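Start from the sequences and build out the full structure, keeping to the hints where you can.
Chains as they are written, first to last, in the working numbering: chain A, 1 to 430; chain B, 431 to 722.
Hints are not guaranteed to be accurate.
What the simulated footprint calls covered on chain B by chain A, stretch by stretch (three residues with Cβ under 8 Å from a Cβ of chain A suffice, anywhere in the stretch; the number is not a length) [said to hold, decoys possible]:
| # | segment |
| --- | --- |
| 1 | 485 to 495 |
| 2 | 530 to 544 |
| 3 | 580 to 586 |
Rather than coming from a laboratory, the hints here were simulated on the basis of the structure.
Fair warning: this is a prediction, and the values are worked out from it, not measured in the lab.
Note that the Cβ used here is the ideal one computed from N, Cα and C, for glycine as well.
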Amino acid sequence: MSKARLFSLLIVSLIMGVIGCTRAPKAKTDVVIWHWMTDRKKAFNELAKKYEDQTGLRVEFKLFAPSDIYSQKVRAATQAGTLPDIFGILGEKRDFAIFIKAGHVLNLKAAMRAKDSQWKNKFFSKALIVNEFKRGNEFDVPSGIYGVPIDVSNIQMLYNKDLFKKAGLDPEKPPQTFEEFLAAAAKLKTAGIQGLVSGWAEVWMIDCLASNFAFNIMGEKKVMNTFRGEVPYTDPDWIRVFSLFKEMADNGVLAGGIISMNNKDAEQNFANQRYAFTFNGSWCVNVYQGMNPNLNYGVMFVPRVSERHPMLIWGGAGSSFMVNANSENKDKAVAFLKWLTDTEQQAYLAQATNNLPANKLSVANISPILSQFAESMENTTHPNIWSAHEKSPVVEAYTVGIQQIILGTRTPEQVAREVQEVKIREMAKD
Amino acid sequence: MKLKSTLENYLFILPAVAIFSIFYIYPFYATFNLGLRSWDGVSAVSQFVGLRNFKEIIFQSRFWWPSIGHAAYITLIALTLQNALALALAMACDRQIKLGNFYRLIFFIPPVLSEVVVGLVWKWIYNGDYGLLNHWLTNLGLAHLARAWLSDPQTALTCVAIIHSWKGFGWGFIILLAGLQTIPRQLYEASRVDGANGWQRFWHVTIPLMIPVFVLVSILTILGSMQAFVLVLTMTGGSPALGTSVPVSRILHSMRGSLRFGYACAQGIIFGLTLVVISVIQIRISKKMKQA
Chain A
1 MSKARLFSLL
11 IVSLIMGVIG
21 CTRAPKAKTD
31 VVIWHWMTDR
41 KKAFNELAKK
51 YEDQTGLRVE
61 FKLFAPSDIY
71 SQKVRAATQA
81 GTLPDIFGIL
91 GEKRDFAIFI
101 KAGHVLNLKA
111 AMRAKDSQWK
121 NKFFSKALIV
131 NEFKRGNEFD
141 VPSGIYGVPI
151 DVSNIQMLYN
161 KDLFKKAGLD
171 PEKPPQTFEE
181 FLAAAAKLKT
191 AGIQGLVSGW
201 AEVWMIDCLA
211 SNFAFNIMGE
221 KKVMNTFRGE
231 VPYTDPDWIR
241 VFSLFKEMAD
251 NGVLAGGIIS
261 MNNKDAEQNF
271 ANQRYAFTFN
281 GSWCVNVYQG
291 MNPNLNYGVM
301 FVPRVSERHP
311 MLIWGGAGSS
321 FMVNANSENK
331 DKAVAFLKWL
341 TDTEQQAYLA
351 QATNNLPANK
361 LSVANISPIL
371 SQFAESMENT
381 THPNIWSAHE
391 KSPVVEAYTV
401 GIQQIILGTR
411 TPEQVAREVQ
421 EVKIREMAKD
Chain B
431 MKLKSTLENY
441 LFILPAVAIF
451 SIFYIYPFYA
461 TFNLGLRSWD
471 GVSAVSQFVG
481 LRNFKEIIFQ
491 SRFWWPSIGH
501 AAYITLIALT
511 LQNALALALA
521 MACDRQIKLG
531 NFYRLIFFIP
541 PVLSEVVVGL
551 VWKWIYNGDY
561 GLLNHWLTNL
571 GLAHLARAWL
581 SDPQTALTCV
591 AIIHSWKGFG
601 WGFIILLAGL
611 QTIPRQLYEA
621 SRVDGANGWQ
631 RFWHVTIPLM
641 IPVFVLVSIL
651 TILGSMQAFV
661 LVLTMTGGSP
671 ALGTSVPVSR
681 ILHSMRGSLR
691 FGYACAQGII
701 FGLTLVVISV
711 IQIRISKKMK
721 QA
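Quick look at the structure:
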């Protein structure tokens, strides 16, 4: 055989080989969604199947977990131009604004307001507002609604009713004020029961509880004025906020190692009935159901410190989806999200995943414990709807400062001074 | 003819130069360039801020230098405890002992284990409520020593450093053992004939001939320990109150937690330069020791 023939044969074999190795074409996907919600994987896939049966359109949910890996993937995709049709943005309003200003997120205002705001009116107002940017917002984002909430959540305290009974406390009357809370913790301690467990290695949880107390002690206006730099952190009200953590630590209310515990470990500890109280979000209902279906617990509002201002807890949209503004399938994506947030699908999601639905018409079918969470939705606030936001180095300084107060290595006054120093330095950059 | 030969030579090294440029030179340039900018990681544009990021890290950051200090502490423990253990075990295995190969295998198990798994297992052992360590201490009548090891600022960093040393000593062991085996046996025999005792043989024969190996092991230990991250992440996540945070965790925090990619790149450059300076100092000291 000549060299030329041998060479031709080799080339043909190679081509055949490559063709042979090529994957069989997959069925065309109309809408691709990236999400991070491990607990909802099965339910999402069921809904995608149902949608395909009803409409003939194929939707594919792709899971990337945990959430920090997901966030990195989404950010990388913005640079590579490979964002899917629907995705989520995890982070603060500032992060959300960055995505919008970079042109990655579709404004859904028109779709929401079509047909007398039919779609918009299905949602809890608190759920939608976190995805909304009003005219003249601090981030210079054009006014609009940029995300679709698929559930709502809020973060409260929970208590173990069985441990309450064991300590001689009334399981139907959880503490309402901070003093009552300390007294209940003392009684539990006497009965050999440990107090509060929470994942305070995750500093956002400390930020959350500290801001609850701050709203209650000084009111929303003063908190926002602090963020704007008009009120110093050395103000007595802020020192009072920091002091509350010292009081909890000094009274032995807090779990040993609370500041190096992540929320997953804290959830496990509460589910195993090692602690009487926890501070956690409504998503925990599903988590505890998986960890200990017999856990007998109730929801209690964060104990009031002052009567001067209302106690506001973090809440609003739990998880939201955004439509890729550059997607060729954006109309199909919007249509799917409309369907996903319809009453029937929302009720299914709430039942299958034990999360509060974003659609207010679906609330009738939720479990009693979720209903307790739902009752407090009117008292929620969310960093995404605040008129001012603190810079991350300042937030880090005060959350780490609170950890140091709990450890006993700093006093509330020292932390206040150090946070104010960081604040002044950050303001000087503007 | 000469020109053709020269071109041919350049052609041969072109792939290597291209790979080096794409994967080393360009990323370094891009990192340095980003270090001079303010960028959130998403926007198409970034703002040139000059040396502001570097100035802020060096002169104003509250948590950067403590994190370097924590990494230095882990490194110090590794340089002493880890390498002393590695040398002792390597010397033991260098002799004709029974089951020598078995011990070599056993000592090399920790380095090949996943850092995540090691971190999580030790986190459980150190747990203050249900950890094995406290359980053993209680059984031994030392209950007063029991504590939440990873939550206590007095013990958390040391606990991480010890596990880092345990995890890493196998590498030093293998390199030191290889070094010991290159020392001619005749030198030991000659020194024995001259009346040298065990300590004198170690001090006057082993140590001088092992200096190049010690330099290599020390540099690898410093570079590996200063960049320790996975164990810290899995065991403490940087807590309590950033008491175990290390430079890599701070860089990650700047990128993920604060969306300050330019700042994170500047942190990376400062950290890289710090390691280069430490390595150069160490090489110079070792050269002087060798000459002495």
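So, going through the hints one by one against the coordinates:
1. Counting residues of the segment 485 to 495 of chain B whose beta-carbon sits less than 8 Å from any beta-carbon of chain A gives 3, enough to reach three: the coverage restraint holds.
2. Coverage of a stretch by a chain is defined here by at least three residues with a beta carbon nearer than 8 Å to that chain's beta carbons; for the segment 530 to 544 of chain B and chain A the count is 0, and the condition is violated.
3. Evaluation of the coverage hint for the segment 580 to 586 of chain B: fulfilled, as 4 residues show C-beta separations to chain A shorter than 8 Å, against a requirement of three.
The earlier numbered hint that this structure contradicts is number 2, and it is the only one.
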